[in-house]
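Take a look at the letters that make up each chain.
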Amino acid sequence: MPGIPENITIAGRTPATIKGNLPPLIDTAPAARGGLRAGDDSGGDNPVGVIFSDDFNSQPDWKGQVEINGTYVQNPTLPTGWDAFRSVGARYAPSKGDMDKHETIEIVSGVGSGDGKCLVKWRDSSTLAQPGVWKSDGILSKFIPGGLSEVYCKYGLELQPGWTSDATSNAKAFRFSSLKDGFDEWAFGTSAERGHGPMLFHDINYSSTWGLYNLAAMRGFPNNTNYYFGTSGVPSGLPRSMNQGSMPLNWVDNVTDLNNDGTDDNPPYISKVDGLPMSGKTEVAEAYGFGEINIFEHYVKMNSAPGVADGVYKQWINGFLTFSNSNIAWAGPDATVENMPKWNRVMLGGNDYFPVHDESLKHEEWSAYHFIEIRDSLPENLV
Amino acid sequence: MSAPTQWKASDLTPAVIKASDGSIRTVLGLVDALGVQ
Chain A
0 MPGIPENITI AGRTPATIKG NLPPLIDTAP AARGGLRAGD DSGGDNPVGV IFSDDFNSQP
60 DWKGQVEING TYVQNPTLPT GWDAFRSVGA RYAPSKGDMD KHETIEIVSG VGSGDGKCLV
120 KWRDSSTLAQ PGVWKSDGIL SKFIPGGLSE VYCKYGLELQ PGWTSDATSN AKAFRFSSLK
180 DGFDEWAFGT SAERGHGPML FHDINYSSTW GLYNLAAMRG FPNNTNYYFG TSGVPSGLPR
240 SMNQGSMPLN WVDNVTDLNN DGTDDNPPYI SKVDGLPMSG KTEVAEAYGF GEINIFEHYV
300 KMNSAPGVAD GVYKQWINGF LTFSNSNIAW AGPDATVENM PKWNRVMLGG NDYFPVHDES
360 LKHEEWSAYH FIEIRDSLPE NLV
Chain B
0 MSAPTQWKAS DLTPAVIKAS DGSIRTVLGL VDALGVQ
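Keeping their order, the protein sequence lines are chains A and B.
For the first sequence, position 226 (counting from the first letter as 1) is numbered 225 according to numbering that gives the first Met the number 0, and the numbering increases by one without interruption.
For the second sequence, position 37 (counting from the first letter as 1) is numbered 36 according to numbering that gives the first Met the number 0, and the numbering increases by one without interruption.
Next comes chain A alone, as it looks inside the complex (with noise of 0.2 Å):
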């Protein structure tokens, strides 16, 4: 991992060089830290592979909200360089009359350590039943103009101290999508919405009895017959059984096994809180730690062809490399040469299952997005 302390204060950039194409090696703090070079958030001045960059902090500040007490809200405005929004589910914000809460995602200083801004996604807790749980919505949506055949992202993420860590709680973070031009331009994917497909979904997951799992969620094309991988099959070499495209990854066997065939063949995670291999139960301060900036890497390629099981997801976090596939049909044998999907659309953010406090408390709790870099293709360093 880039390995610059906390400690260490980055005060300034270097100046630029040849005439500005290429951009100076350090920006900010946490893209050094995330060991990014800069780029402007055009991804103009990007370096070769980077497609774009956001560090936050040249945004203004920015509120996600769309409506105000069921009004709204005119002339809403998107962070410059991003190309939707969806901000709903909030049950405690100024939009609903808690002036002293939070909107769904917000861009903002303050929030997550150090003095720069982030892109900052509030969860909600309640304890009251549906329609409740599945709330806190906030996606802030990249579009990719054509498509690629890979794609890779990049973000530093930081959760709240004291992130509730003992309850069963489900937190989407990070997704990315292929849409299909013709169909709900603004959609955000589910399976209800027919133009999606294939997808990526990473969560943050916790269970009361289980721990912390990372739920990594593939979703095929076409949509409407492969969605859940049912004509594609599930890929061989998996670490663990697939549900309907998504498996619970542990941090244990599953990092060290990464094809489940009974001999390690990847490094242990190593626990935060105690410099040791990750073991049973994992807690989500082991994993991630408490006001630190976690490293997550995605790297998706599709499939050479409909129904060739050559696609590839690759997921690390903080350095470790914690799944590796090589072998999935994103799109399936119904699918056509014509009709082969490109990924177009990088989003962070997600809704939230997370009915643990009562809701006479309005607890809200955070989650930081630092920075984000897509590529489209991977680093050198992850070849």
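Hint data in this document are derived by calculation from the structure and do not stem from the laboratory.
Backbone N, C-alpha and C define an ideal beta-carbon position, used for all residues, glycine too.
Heads up, a few of these hints could be off.
Calculated from the model, a selection of chain A residues having no Cβ within reach of chain B, i.e. all distances over 12 Å [stated by the list, open to error]:
(1) 224
(2) 233
(3) 256
(4) 264
(5) 269
(6) 270
(7) 289
(8) 357
(9) 358
Cut-off 25 Å, straight-line C-alpha distance, at most; resulting in silico cross-link-like pairs (BS3-like, lysine-lysine) [unchecked claim]:
(10) 17/B <-> 179/A
(11) 280/A <-> 313/A
(12) 341/A <-> 17/B
Following the hints, complete the assembly by docking chain B onto the known chain A.
For chain B alone, coordinates are given in the frame of chain A:
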């Protein structure tokens, strides 16, 4: 306790997008399900 996995087609929710012409508009669509993804 397991997460519920039903979605309701009536759960239309607003979202904001940048259209191909650069304009920004608010649209209504299906919510990101009640846990379905």
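Q | Which numbered hints fail | A | Checked against the structure, no hint fails, so every one of them is satisfied.
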